[in-house]
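Visitor: Here are the chains, one letter per residue:
Protein chains: 6
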Amino acid sequence: MKIGAFGEVMLRLTPPEHLMLEQTHTLRMAYTGTGVNLVGNLAHFGVESYLLTALPDNRLGKAALTNLNGLGIQTKYVIHQYQHIGTYFAEMGYGVRPTEVTYQNRKHSSFGLSVIEDYDCAAFIDEIDLIHICGISLSLSDETAETAIQLAEQAHKAGKKVCFDFNYRPSLNQEDGKKEQMKKRYHSMLPYCDILFGSVRDLTELVQWEETDNVENEHDPISYIQSFMNHYDIQWFAGTRRESVDGRKQLSGYLITQQEAEKTTVYPLDVLDRIGAGDAFAAGILLGFSEKWSLQKTVYFALGNARLAHSIQGDVPLTTRVQVERLLNDPETDLIR
Amino acid sequence: MKIGAFGEVMLRLTPPEHLMLEQTHTLRMAYTGTGVNLVGNLAHFGVESYLLTALPDNRLGKAALTNLNGLGIQTKYVIHQYQHIGTYFAEMGYGVRPTEVTYQNRKHSSFGLSVIEDYDCAAFIDEIDLIHICGISLSLSDETAETAIQLAEQAHKAGKKVCFDFNYRPSLNQEDGKKEQMKKRYHSMLPYCDILFGSVRDLTELVQWEETDNVENEHDPISYIQSFMNHYDIQWFAGTRRESVDGRKQLSGYLITQQEAEKTTVYPLDVLDRIGAGDAFAAGILLGFSEKWSLQKTVYFALGNARLAHSIQGDVPLTTRVQVERLLNDPETDLIR
Amino acid sequence: MKIGAFGEVMLRLTPPEHLMLEQTHTLRMAYTGTGVNLVGNLAHFGVESYLLTALPDNRLGKAALTNLNGLGIQTKYVIHQYQHIGTYFAEMGYGVRPTEVTYQNRKHSSFGLSVIEDYDCAAFIDEIDLIHICGISLSLSDETAETAIQLAEQAHKAGKKVCFDFNYRPSLNQEDGKKEQMKKRYHSMLPYCDILFGSVRDLTELVQWEETDNVENEHDPISYIQSFMNHYDIQWFAGTRRESVDGRKQLSGYLITQQEAEKTTVYPLDVLDRIGAGDAFAAGILLGFSEKWSLQKTVYFALGNARLAHSIQGDVPLTTRVQVERLLNDPETDLIR
Amino acid sequence: MKIGAFGEVMLRLTPPEHLMLEQTHTLRMAYTGTGVNLVGNLAHFGVESYLLTALPDNRLGKAALTNLNGLGIQTKYVIHQYQHIGTYFAEMGYGVRPTEVTYQNRKHSSFGLSVIEDYDCAAFIDEIDLIHICGISLSLSDETAETAIQLAEQAHKAGKKVCFDFNYRPSLNQEDGKKEQMKKRYHSMLPYCDILFGSVRDLTELVQWEETDNVENEHDPISYIQSFMNHYDIQWFAGTRRESVDGRKQLSGYLITQQEAEKTTVYPLDVLDRIGAGDAFAAGILLGFSEKWSLQKTVYFALGNARLAHSIQGDVPLTTRVQVERLLNDPETDLIR
Amino acid sequence: MKIGAFGEVMLRLTPPEHLMLEQTHTLRMAYTGTGVNLVGNLAHFGVESYLLTALPDNRLGKAALTNLNGLGIQTKYVIHQYQHIGTYFAEMGYGVRPTEVTYQNRKHSSFGLSVIEDYDCAAFIDEIDLIHICGISLSLSDETAETAIQLAEQAHKAGKKVCFDFNYRPSLNQEDGKKEQMKKRYHSMLPYCDILFGSVRDLTELVQWEETDNVENEHDPISYIQSFMNHYDIQWFAGTRRESVDGRKQLSGYLITQQEAEKTTVYPLDVLDRIGAGDAFAAGILLGFSEKWSLQKTVYFALGNARLAHSIQGDVPLTTRVQVERLLNDPETDLIR
Amino acid sequence: MKIGAFGEVMLRLTPPEHLMLEQTHTLRMAYTGTGVNLVGNLAHFGVESYLLTALPDNRLGKAALTNLNGLGIQTKYVIHQYQHIGTYFAEMGYGVRPTEVTYQNRKHSSFGLSVIEDYDCAAFIDEIDLIHICGISLSLSDETAETAIQLAEQAHKAGKKVCFDFNYRPSLNQEDGKKEQMKKRYHSMLPYCDILFGSVRDLTELVQWEETDNVENEHDPISYIQSFMNHYDIQWFAGTRRESVDGRKQLSGYLITQQEAEKTTVYPLDVLDRIGAGDAFAAGILLGFSEKWSLQKTVYFALGNARLAHSIQGDVPLTTRVQVERLLNDPETDLIR
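Protein sequence lines correspond, in order, to chains C, X, W, V, U and F. Counting from 1, one number per residue, gives the positions in the first sequence under my numbering. Counting from 1, one number per residue, gives the positions in the second sequence under my numbering. Counting from 1, one number per residue, gives the positions in the third sequence under my numbering. Counting from 1, one number per residue, gives the positions in the fourth sequence under my numbering. Counting from 1, one number per residue, gives the positions in the fifth sequence under my numbering. Counting from 1, one number per residue, gives the positions in the sixth sequence under my numbering.
Please note: incorrect hints may appear among the correct ones.
Any copy will do: because identical chains look the same in the list, a pair fits if it lies in one copy or spans two.
[Stated by the list, open to error] Think about it this way: if two alpha-carbon atoms lie no more than 35 Å apart in a straight line, the pair counts; the simulated DSBU-like pairs of lysine-lysine are: (1) LYS62 with LYS2; (2) LYS76 with LYS292; (3) LYS62 with LYS107; (4) LYS263 with LYS62; (5) LYS107 with LYS297; (6) LYS297 with LYS263.
Please keep in mind that the hints were generated in silico from the structure rather than gathered at the bench.
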């Protein structure tokens, strides 16, 4: 199964050694984004993976392309136009100090300004078997929202699987009326979707799903989600759950079909860099989907991948199948030689 | 309220990534010191903050000044003379390995050699509402001790608040008779003080306070401290308490008036760099003092600030009000975007 | 004389050791811009120097402010609004490989979006004796052009000196009609100016100055410039001239009044980083102006400063008077101890 | 025209800032080799470029692959086997201090041990239009020599162009009888070749070419080379010539057909890193060949590319067509913005 | 007591800040190996310590020697021959991600190729009182195995103490028949040994020790080990034991004579870099042996040393007696100044 | 011949990449000093070389010792006392910008405070054949001056060669009467000396030598120096001469006996780091002296060594005989592989 993603490539700049921006004159540079993370990770799993995106037509775009190619991503649908790439600075937290992300202009980036006609969508959809679309495209600009929804529709009509990641960030949608607009866009997207990444909160708060026919189960989140899945004919719905017990972080995952649900054990987490770990979970789920693994095998692999991603610097999960399987089979190993 | 500190600026040199001095050819450079930490942090809280100190009259003094200005400290009372800056090397510990600080010549530094006539004390005292003096000035050199005590006296007489940090380091006072001399100097300082940072141990061991009129309370540290405060007419007495339970570090804080006492919850600590965390606590207390917050609000803010300071590389607490308040109100947040 | 500048603060990101963007995962970070360079350098000369600009209201704006303060610039007129700072990447050239600058979105930066009402212009003009305005403000956005011209007018009317740097970049003005618009804006600016930084080419190509009354001197660039100065009642007109002889770079400078003209010797150049060297020349000229030096002393100091700036990494000239005078008086010194 | 190379991938480790190995605890890491340099550069020119090589089947092989992909090289014919990659340390010289290269075990590397059956040669030759083979393969191991010669033969028979780079290193061939063996291998290779990179010295010393029928031209190197080309029916013979005049380095290039010869101007050289510059020249020649440029256009482009390569850190020439053409058309440009 | 070790010097290359090889262009470089770790640590304890090894006869061998000398190791028996040093890359793990070591060619290194005649064994044995031999020598190459066994025999016959570290790595011995060969080599070595570092598993799996005369104690590992020690007349047998409880790592140590056995408390471990910690334990045991400390003092010192080694970057334990004693006497200290 | 030096060990801190102190948060750390440079270089030439010095008795002293050992210097006469090491910061110049050295407190360093009784002088003198003493010891403190003169006297009386380097720095001797005191100390030293490093200016300005019997040769510097050598019975007098022609630096060397004089060609210089290059020249002279080379061979080797030292980062010349001889025999080589 060939997998493609439509999504923004961002430049990530990180001060070294947990320093804050005021404390350093050097930054670590990487290229990232939900789509990059996902297809970069899938390429590490041996899946032929494509990215549909727009990069600046300048030296920075060239450097970004070098990094995408380095990850093993197929870049023949990447276009180069305009001059700007969305950027973020990540001041890495420690202990009680949270990681702080500062975004720089994303709306006017080469990706943010791109319209659907800029891309060779037909060939892209023809090439792949499954398309992944990130919810951030729905809020970034009118142009990216339009492209995302049309891509989903075209892919769906072409008989390709459509995977959508809610990835709703309240902080990016604080303007008046923005949330209502977002709800509308999400509802336009959902009829074309086969796989969703999200949470109960996305359903209650964002798409404001209300069960009508199933009153007695109101406290059962799984049947609530399944009723939603049933409505939109979603095959898989998956996500992770973060908790904190006595100041120690924990992570578990779930994967739900219209009939079944699988939840993992709750694992403790030692976090080196949590950005991108959700994308690692998604990559694991899509690998299981593409290889027709059982729900249980899939969700444990995906969560193992997400746990490993928390222990890797940077957004892009560089994990291989061997590494994930070793964690699952031999979790005490701390030195390989 | 405008706050000023009299104190040494030191050059701190730190090997990267927990390396020891033998293992590295590179060092991270920063400018620090109790006074710098305190007024640098207060400047980040929006307080107009001044430093009275002496820097070398050479390229290093220029670099130090750049860093003080960068912190937002008002430097117009900083003087430049002689050629040497006190220096320390901090080999950062990990796990069971303690952080090791190696001091280089502080006594003959521009600050250590400075006498009170070198400074424009009158203007400095006139400018500020509260002066902070660090106990290290009392042991560094006869000159700095003399200046510290006279500054306290002049500020007190001018109706300004005087804040004194015991900050007694037995290791810096091991010469014969030094401890006795120190006791005398501390007793000269205390009559001018309004706010003290210290601990019961400072009172019992250093100033050797003995309650005469209050025998029945001998096991009650708070009334013991209050009897001392009463004697010297101290308004606030504050400090932190470090503990270790099952190998896990913990921190709490207290703030005592002549009538009341407030202690915080005991919090677990993940330590990135503990140097300077005490100064963060002091900065928080002085902010509460200057803004007339309640004891409780003050001590929780100060301790939150100290906890954050443990999670920041370097001595100088670069925390803002927003960051401290977020920790207090939303302690589980580990990613802001 | 107190000097203020109106100009953009940019984030500069530079790969280490002449590497290209594709070759590195680390970048050196600095804050720069014509105004920053100029007043930062003047602050190093001991001039009280102010910057009027807009920084993002986020962590990056805070880091930028730290750097401006560190340079010794007075920042009380700096405002914080919006979220974006103009950025550029500088791939440092070597030998036949030119340095390549890649700009990221400047138009939508906090500065690019700022309008004159955002600033406290009256107080700023009142505070300073001379205002420096950079020609880039005229092309960056309609808002910054408007602000630049109004500031010049207000300062002129308030009896303050106005210094304008042509700094015209054809590459930033390639849209249709942009050059014509620029010419108009430059002509709006000129009536308020006392000091100009520019070249004959700026006069012929950009403002398209044609001498009408002085036909016989058409091949004499100095009288051509003086006729222009006479028309707009300009006091000083200054600039540098780059040449290359047998592959070796050379630099000279000139300073012209309506009556006189002074040119320096032509000096060979070893270039470490040429960005910002023009601003160093301008800073030297303004220092001479403010201290009423002779033309000759001024232009040699300014050119010495520019030559030193070519030997310093980064845009901001960190030179002191001592360093410039040492170069002028003792040019063979290569080691000071 | 699709171009492929057969060659070793090496790990290059370089101390930063001209330091020697004893002075540093950090190294810069890159993946390089004549084939990598050539096809990596051609990929930057927009040519579809392939590498046939063997990498270790471990984490290091994965990292190498990341870097090859990043360069834009097509890697589908790259195989992974064994555990070792050839390595070299480059202590960068300065002034009178030469750059010193220290090789680590190349013979037992994954490439050194590989035999022709390990590769999918048929598909590789079928895919490409021109194969580049480096002379180092002839001396590295018996296995690589055998593979190189067979590849040349197969490609030649399949009607593909064969390009061979003499690249003879006396230091790698000092064992008894090695030179004689090398001569034999070179003679086995030559009948299949269309394009050669070499020098007169390669012909006189290594392959020991003696003109028999053209005695009168013994002092004319071009007709000497052409008689050799005529014998082996070589289309193009190209190379560069390094000189030093008054301690200043210079470079020129030549390109010879059986009838014609084109030599470039001699250019001065400022050298940042000369390793790989010969491969840049070769890449330029092959670009001209594939695009059917004139001899003159080709050799000037190739030499411009080589001159730029001297100004880039590392072996792999990352130049683009735009950069080379800018050097040729506008050689004085030292800052692009 | 003068202590010498026979063992390989390896080059260790480590990406900074827990990065993986794909994520970095820089590496930290160090020289290491069981022998280096052991005698380097002993030199830090003030023991005159010697290394018998072979380094490349090139710049890399020179750099390695610089590092050995820097550690305070006596290097007069170090020889320089051939061109290659065994190398390994350590991608440092974090949380659930294990540290991954990737070895590069060790068998063809200067050490791997060395034969006993290359060394001045007689003088070396004459110089020292105790020789330490690492089990890796037995599996690295036939040459190093031969040298190791002969050195043990010669030292034993000369009345010197022989210490042998099992250090058996199944992953290095996976070829057919290799394990059987290893068993034979270990049995050849044992008759000359006085001190062993190993575990029950080494006895059961590798040397396949079976007690014949002591059937009733089959579940008592100590008497099992003692029966083995008795057979080969071993004085001391020591080792550490790693456990993991609720995901938290723990370490304890044991030291056994033919009559007695001492086990330490089990301590929690915070791990910065666990490679080399076993060598730290060995160094502590040998220090106690050479200074005739009690079993208890020895094993607690050795384990304290091993615990500290887990908190130091790199393989070589740089601990001093002062540091180990401080951990034992004042375990809560986390800041020394 | 075994050579020993008495001299200060300093900590050198250098900003990377020609940055100034204000521009960086990282520094490169090295241990240096005339004695270190000299015997470190001689150790690289294979000479058994000793250092007599005092290091701090703390972590910094340990790190310094590691570095001395790493250089191959014999350190058994190094003592550890007090807490401070002399430090200097070197801001590396470029082009017209000179390198600026900023010293930190040297007088109160462990070396500056040391008295002759602290050292085991008798054993040191007994061990070596030639002692090198640096003129800086004469001006650093009364204690070091006293020790230097007594060491020279004792060595001379013991029949060992005494080598003295004038190394007079006017900037270190600006106090009233200091120059007169220095003159006296230099005259106390000279009667014990066999080899001197200096210049005509040292003789005329510092020791104020006046020829009495040789009036006619007043314009002949060599006979002037020889008359001085004759007076004090000096064997060898050597030094280098720096010139600048058309902005290009040049270097030559001379070596004078009482009868003969040898001067080298004048060579152009490309300077990476000139600090320590004079010590490289001295090391070369002492090597020639100890190996009884001809004057010509000696001075050319010494100057070649000094030229190489200008192309090495840091003070300590790490050159080997092979490298110097390669420069002399094959000066055009710029790449060794």
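Visitor: Each of the hints needs a verdict: does it hold here or not?
Guide: So, going through the hints one by one against the coordinates:
1. LYS62 with LYS2: So LYS62 and LYS2 pass the 35 Å test inside a copy (25 Å) and across (21 Å) alike.
2. LYS76 with LYS292: Cα proximity of LYS76 and LYS292: in one copy and across copies (28 Å, 26 Å).
3. LYS62 with LYS107: This pair counts as both: shortest intra-copy Cα distance 20 Å, inter-copy 22 Å.
4. LYS263 with LYS62: between (42 Å within a copy, 33 Å between copies)
5. LYS107 with LYS297: neither (39 Å within a copy, 41 Å between copies)
6. LYS297 with LYS263: So LYS297 and LYS263 pass the 35 Å test inside one copy only (11 Å; across, 42 Å).
Checked against the numbered hints given earlier, this structure breaks only hint 5.
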